[in-house]
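Visitor: As given, the protein sequences belong to chains X and S, one line each in that order. Under the numbering used here, the first residue of the first sequence is numbered 758, with each subsequent residue one higher. Under the numbering used here, the first residue of the second sequence is numbered 758, with each subsequent residue one higher.
To be clear, the hints were calculated from the coordinates, so they are not data collected in a lab. Misleading hints may appear alongside valid ones.
Pairs count within a copy or across copies, as identical chains cannot be separated in the list.
[Claimed, not checked] Restricting the straight-line Cα-Cα distance to at most 30 Å, the calculated cross-link-like pairs of lysine-lysine (BS3-like) are:
| id | residue 1 | residue 2 |
| --- | --- | --- |
| 1 | K851 | K781 |
| 2 | K966 | K767 |
| 3 | K1184 | K781 |
| 4 | K781 | K992 |
| 5 | K969 | K1026 |
| 6 | K992 | K918 |
Number of protein chains: 2
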Amino acid sequence: MDDMDNIFNKRQSILIVNVIVNGKAGDIFVNDSGAIAAIGDGVRGQHKGEADLVIDGDGAIALPGLANTHTHAAMSLLRGYADDMILQDWLSQKIWPLEAHLTGNDVYWGTKLACLEMIKSGTTAFNDMYFMMDEAARAVDESGIRAVLSYGFIDLFNVEKRENECKATEKLASQIRSMNNPRIKAAVGPHAIYTVSPDGLKWCAEFAKEQKIAIHIHLSETEKEVTDCVSQHGKRPAALLDDCGILTPKTIAAHCCWLDDAECTLLGKRGVTASHNPASNMKLATNRAMPIRQLMAAGANVCLGTDGCASNNNLDMFEEMKTAALLQKFFWNDPTVLPAPAALAMATTNGAKVLGFGTGTLAVGAPADIVLVSARTACNTPLHNATSNLVYSCSGAAVETTICDGRVLMLNREIPDEDTILAGAAKAAHELVSRSQSS
Amino acid sequence: MDDMDNIFNKRQSILIVNVIVNGKAGDIFVNDSGAIAAIGDGVRGQHKGEADLVIDGDGAIALPGLANTHTHAAMSLLRGYADDMILQDWLSQKIWPLEAHLTGNDVYWGTKLACLEMIKSGTTAFNDMYFMMDEAARAVDESGIRAVLSYGFIDLFNVEKRENECKATEKLASQIRSMNNPRIKAAVGPHAIYTVSPDGLKWCAEFAKEQKIAIHIHLSETEKEVTDCVSQHGKRPAALLDDCGILTPKTIAAHCCWLDDAECTLLGKRGVTASHNPASNMKLATNRAMPIRQLMAAGANVCLGTDGCASNNNLDMFEEMKTAALLQKFFWNDPTVLPAPAALAMATTNGAKVLGFGTGTLAVGAPADIVLVSARTACNTPLHNATSNLVYSCSGAAVETTICDGRVLMLNREIPDEDTILAGAAKAAHELVSRSQSS
Chain X
758 MDDMDNIFNK RQSILIVNVI VNGKAGDIFV NDSGAIAAIG DGVRGQHKGE ADLVIDGDGA
818 IALPGLANTH THAAMSLLRG YADDMILQDW LSQKIWPLEA HLTGNDVYWG TKLACLEMIK
878 SGTTAFNDMY FMMDEAARAV DESGIRAVLS YGFIDLFNVE KRENECKATE KLASQIRSMN
938 NPRIKAAVGP HAIYTVSPDG LKWCAEFAKE QKIAIHIHLS ETEKEVTDCV SQHGKRPAAL
998 LDDCGILTPK TIAAHCCWLD DAECTLLGKR GVTASHNPAS NMKLATNRAM PIRQLMAAGA
1058 NVCLGTDGCA SNNNLDMFEE MKTAALLQKF FWNDPTVLPA PAALAMATTN GAKVLGFGTG
1118 TLAVGAPADI VLVSARTACN TPLHNATSNL VYSCSGAAVE TTICDGRVLM LNREIPDEDT
1178 ILAGAAKAAH ELVSRSQSS
Chain S
758 MDDMDNIFNK RQSILIVNVI VNGKAGDIFV NDSGAIAAIG DGVRGQHKGE ADLVIDGDGA
818 IALPGLANTH THAAMSLLRG YADDMILQDW LSQKIWPLEA HLTGNDVYWG TKLACLEMIK
878 SGTTAFNDMY FMMDEAARAV DESGIRAVLS YGFIDLFNVE KRENECKATE KLASQIRSMN
938 NPRIKAAVGP HAIYTVSPDG LKWCAEFAKE QKIAIHIHLS ETEKEVTDCV SQHGKRPAAL
998 LDDCGILTPK TIAAHCCWLD DAECTLLGKR GVTASHNPAS NMKLATNRAM PIRQLMAAGA
1058 NVCLGTDGCA SNNNLDMFEE MKTAALLQKF FWNDPTVLPA PAALAMATTN GAKVLGFGTG
1118 TLAVGAPADI VLVSARTACN TPLHNATSNL VYSCSGAAVE TTICDGRVLM LNREIPDEDT
1178 ILAGAAKAAH ELVSRSQSS
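Chain X on its own, in the form it takes in the complex (with noise of 0.2 Å):
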């Protein structure tokens, strides 16, 4: 185990013999700079005496590791804490006073829970949105996956909150800037249409501009937001964020369920990133899938995020491909819509390109985020095709190695400190309760 611990979370030259890569059989060669050095047949033979450690895949799947495009990463400590309820009621009497009650230490904790989930499910970046951010930084930073991290900003229509909430905004881009950790980048956070001013956004934008950093946002999410938006601004959500600035190629929209066809084109054009988060539309039934067929076409960039814990439950994106191939289908009445290969792009190429992390490919030069996936499992039993195992069949406990930025996270299932993580967030969690019911 002390010996173990030793191959974990460091820079090392790293020889992954025994997997099938890009559908075919070979091996990995990552380097001590944490990029993907060579693949192919004989690589094996060629850097065998270099590797500071060699991992035998056992012929599993190596893929990219996968991104997250939309979560709130410290909600995991609200898991089943209140589901199967109207939206308003679940967030009035559950959710938000709960969250009243959380403090840095439990934005630490469930963000370490977060990583640690995804790490065990083969996620290697996401995109978070939260409170207290400098904490989840910490978090992330300990854990070794990579992250775009934002403060969600809400002034609720107020000057006064909107100046808080600029300065909340321009302190956690500095904080991160000034932890010089690649893996970790700050966005900006507007929290929707309907919990920032037009001034907010105008903000956010500029602001985002002027530090080349991304946008992250929720964007028709319920049929309530586009009615409400367009019987007080005279247009749809998307054109009211357009005006604001806030659709650029830097951008990430959340939901996006309730679209119509002109502001997918108006997306396209502008080069968003649309995040589908099919669970979480579908547990808290928003009654339209988002129209994946129309943005594809339209020219926007489309991945997969799946939400907080506290709307999902679990961040599995494997799970979450599925989920979004299964509602695609089903909502738009047809079987063809978002095939397999598709769904895999979108939490791999598409997410790591919007989020700057990489190409999400597995190729030489490419950062070695790198997961393996077990082909001695049933999900993968027959492997007449490779990808729709990956998603439709194997949920992300398939994943046995999990390789982020040239480091070893997770190998053969084990990650150093999971059980004090369990045991931390836990506390935390039931800390947390109680101060919420003593009050």
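Put chain S on the given structure of chain X with help from the hints.
Guide: Relative to chain X, chain S alone:
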């Protein structure tokens, strides 16, 4: 390993300590007749001396084994063979041509693989319809789990074919009777109203009644089935089945997507069980979800099934519980539909009841069909609500130990013959495709 093998798949007295059972911390004692003999706090002290085997649950959640009430187990060999196609193309271009080359050996290995996957994900009983079911029965017998097996009766409205199907149905009933294995039962499996003549349906109803065995049928999976039925018979499918005597308290009707209110009432009146198959319905784009509230209000028994691996593509009942709860909320546009406890009941008590394998509960005197779900995992952290976590957060991979009929089939995720089964099934699948391509 040899020592460990000795504990598997045999009757012995088992003391399971340190689990959460029926919501409380405690222990479970299983006697060597395969029944639960004691549950509770003091069980450890009373039975420690007499137990052949002691299992430390380490805080795990004990559940009754899950019941998968609609599947085609041997289709596990077709996992990932074809997806994302229009139903008719998928069947006629991919599934049927491959099935034309199926042998008894394939059915054996496909069912072995399916049983392995079910044991790994906490399912201890299933309801199966396929061909060459004597080979399926052999696989189930070896696996240690429970099954209700029916030959898929398809007469295509042809008198000669009908006679053959009657004979095949009688033969399977007799073969299974002669196995004299209480874990395995025969059922009658009229495939559907569009593949079986009214005379065929009537014969099935009579035979089931005479043999006191269950009826397993597909009902109203697609809208086309309903509109064709109305135009041919002047009535909807449930009414047609009722005319033929098919709707009984021993009948399991799979899918039931397109039932109208009167049909729900009829199913309730006849005491029929509706097996909800949400993943399959979504993947094949049935365009309507089973009207679960109407069925429950009418008094029908509702339970859950994965359908075959070609249209799901796995047999994980945990995933199916979540998909059911999500689809019901989304389709009926109400997040309060099918709350977690009801989804869990569908997969346990409701399924066990109709399959006639005990009560689907953990109670003294009940058969020892027990599953232990790890609590030391992200999906059960925090543990605000075990039922919520089981339905919404965990996959079947969180199952650590599976006991059926008092026999340990999996312990700490180990199943002795797992590698042999995976290899055998992979080989059979590969050879099946080769045969179909060379013909």
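Visitor: Each hint needs a verdict: does it hold in this structure or not?
Guide: Hint by hint, here is what the structure shows:
no., hint, result
1, K851 to K781, "between (49 Å within a copy, 24 Å between copies)"
2, K966 to K767, "neither (34 Å within a copy, 68 Å between copies)"
3, K1184 to K781, "between (45 Å within a copy, 19 Å between copies)"
4, K781 to K992, "neither (51 Å within a copy, 54 Å between copies)"
5, K969 to K1026, "within (20 Å within a copy, 65 Å between copies)"
6, K992 to K918, "within (25 Å within a copy, 63 Å between copies)"
Consistency note: the structure conflicts with the earlier hints numbered 2, 4.
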